[in-house]
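Q: Using my numbering, read the sequence shown as starting at 1 and increasing by one per residue.
Keep in mind the hints are simulated off the structure, nothing from the lab.
Please note: incorrect hints may appear among the correct ones.
To be verified - Below, in silico cross-link-like pairs of lysine-lysine (DSS-like), each with a Cα-Cα straight-line distance of 25 Å or less: (1) Lys-114 to Lys-318; (2) Lys-295 to Lys-41; (3) Lys-23 to Lys-248; (4) Lys-114 to Lys-255; (5) Lys-311 to Lys-129; (6) Lys-221 to Lys-165; (7) Lys-108 to Lys-318; (8) Lys-299 to Lys-129; (9) Lys-108 to Lys-52; (10) Lys-299 to Lys-162; (11) Lys-171 to Lys-311; (12) Lys-108 to Lys-299; (13) Lys-124 to Lys-248; (14) Lys-152 to Lys-162; (15) Lys-221 to Lys-124; (16) Lys-258 to Lys-295; (17) Lys-52 to Lys-247; (18) Lys-243 to Lys-221.
Said to hold, decoys possible - For each label pair, taking beta carbons as the anchor points, the in silico distance ranges come out as: (19) Arg-77 to Lys-317: 33 to 41 Å; (20) Lys-317 to Lys-243: 26 to 34 Å; (21) Lys-302 to Lys-23: 51 to 59 Å; (22) Lys-243 to Lys-162: 47 to 55 Å; (23) Lys-162 to Glu-191: 20 to 28 Å; (24) Glu-191 to Asn-55: 37 to 45 Å.
For each residue, glycine too, the CB sits at the ideal point set by N, CA and C.
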Amino acid sequence: MRFFRLFVVVLAVLIVSGFSHAKVIKMNLNCIYGPNSIHTKGAVRFAELVKKYTNGSVVITVYPGGSLGFKGPELLRVVRDGQVPMSDILMGVVSGSEHVFGVSSLPKLVNSYKEAYKLYQAFKPLYEKAALKWNQKFLYAAPWPPSGLVTKVKIETAKDLKGLKIRTYDKNGAKFLRILGANAVSMPWGEVYSALRTNLINGVLTSAESTKNGKFWEVLKYFSPINYAYPLNMVTINLDYWKALDKKQQEAVLKAAKETEEYQWAYSERINNEDLKIIREHGMVVNEPTEEFEKQMEKASKQLVDEFLEKASPSEKKILKEFIK
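Model the full structure from these sequences, guided by the hints.
A: Structure below.
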């Protein structure tokens with residue numbers, strides 16, 4: 001492992017050594033979702049801004065859909081080891097490696113983009129610290145539109161979830177669904193549509209954005225906007241690659257990251273309203289959760305937040321308890 005990381009550093013230095021001749025530093029950015037995903041589009045925008053602000057001296061190529069071969073819990077490790085220089089990472093998926101990254105997917109913790117952004121700002125220093133621990137520079141993070149339940153049957157209470165097989169995106173979602181009586185299923189995003197069509201699963205915990213991109217109206221009927229969470233995707237860069245950039249290039253990359261983050265937060269909120277309209281137009285029924293179901297979800301959420309706090313570091317506990325107040 002040490003040899004491999006030394007190799008990455010040497011390679012990065014060699015790239016910079018040749019900079020005076022080639023004038024261009026090239027890096028790949030691994031994205032786990034398809035080209036139409038909000039976060040892949042954000043990564044493309046980021047790459048374009050980096051090229052612009054570095055006057056073409058840093059060129060980032062975005063690879064969507066996990067086409068570089070990395071899609072899940074291994075992402076912190078592969079960026080740490082330089083197998084990919086940069087990656088878009090769904091935080092909740094890597095929370096098993098770094099506890100703090102599970103914060104944004106805790107259920108019913110926030111109820112709006114404003115609250116989600118406040119939570120992000122409160123925990124951002126810990127996110128940056130955790131990234132450094134994994135030999136990475138934290139560049140930016142942006143939210144998915146709020147997660148809802150997309151199902152073949154109408155969900156009015158937890159009783160309607162009994163026995164349903166629901167695909168979720170991380171451990172928090174799996175625990176939440178199990179508490180409510182559903183069977184949580186983990187599978188790669190690319191397999192979800194076929195699994196729905198063949199009844200291997202009966203629904204998905206996901207956003208209206210992913211519902212639209214997946215054309216789930218072809219296999220599902222109901223979207224319940226339960227406001228489960230506003231989960232974050234982050235983009236990080238291997239620290240050895242980061243240090244291989246000169247000061248002006250680093251400043252340009254951070255400028256691009258800041259602008260991308262600001263754009264993505266606003267875009268996520270706008271696209272959510274548009275997506276709800278689109279899925280309605282394709283025949284999906286958008287049904288608001290009942291008062292009884294809300295109470296059942298709040299109870300399940302409190303259990304998960306309490307479990308998170310039990311395993312949390314002193315810093316995580318302090319910030320989260322203050323936020324909840």
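Q: Now tell me if each hint is right for this structure.
A: Results for each hint:
1. Lys-114 to Lys-318: Holds, because 21 Å separates the two Cα atoms, which is no more than 25 Å.
2. Lys-295 to Lys-41: violated (36 Å)
3. Lys-23 to Lys-248: Roughly 14 Å separates the two Cα atoms, so the pair holds.
4. Lys-114 to Lys-255: Holds, because 23 Å separates the two Cα atoms, which is no more than 25 Å.
5. Lys-311 to Lys-129: holds (18 Å)
6. Lys-221 to Lys-165: holds (15 Å)
7. Lys-108 to Lys-318: holds (19 Å)
8. Lys-299 to Lys-129: violated (32 Å)
9. Lys-108 to Lys-52: Roughly 39 Å between the alpha carbons, so the hint for Lys-108 and Lys-52 is violated.
10. Lys-299 to Lys-162: Holds: Lys-299 and Lys-162 sit about 17 Å apart, inside 25 Å.
11. Lys-171 to Lys-311: holds (14 Å)
12. Lys-108 to Lys-299: Answer holds: Lys-108 to Lys-299 is near 10 Å, not above 25 Å.
13. Lys-124 to Lys-248: Holds, because 24 Å separates the two Cα atoms, which is no more than 25 Å.
14. Lys-152 to Lys-162: At roughly 13 Å apart (the allowed maximum being 25 Å), Lys-162 and Lys-152 satisfy the hint.
15. Lys-221 to Lys-124: Not OK: Lys-221 and Lys-124 at ~37 Å, beyond 25 Å, violated.
16. Lys-258 to Lys-295: violated (38 Å)
17. Lys-52 to Lys-247: holds (16 Å)
18. Lys-243 to Lys-221: violated (50 Å)
19. Arg-77 to Lys-317: 33 to 41 Å: Since Arg-77 and Lys-317 have Cβ atoms about 26 Å apart, the given range 33 to 41 Å is violated.
20. Lys-317 to Lys-243: 26 to 34 Å: holds (33 Å)
21. Lys-302 to Lys-23: 51 to 59 Å: Hint holds: Cβ distance 56 Å, inside 51 to 59 Å.
22. Lys-243 to Lys-162: 47 to 55 Å: holds (53 Å)
23. Lys-162 to Glu-191: 20 to 28 Å: holds (24 Å)
24. Glu-191 to Asn-55: 37 to 45 Å: holds (42 Å)
Hint check: violations occur at hints 2, 8, 9, 15, 16, 18, 19; the rest are consistent with the structure.
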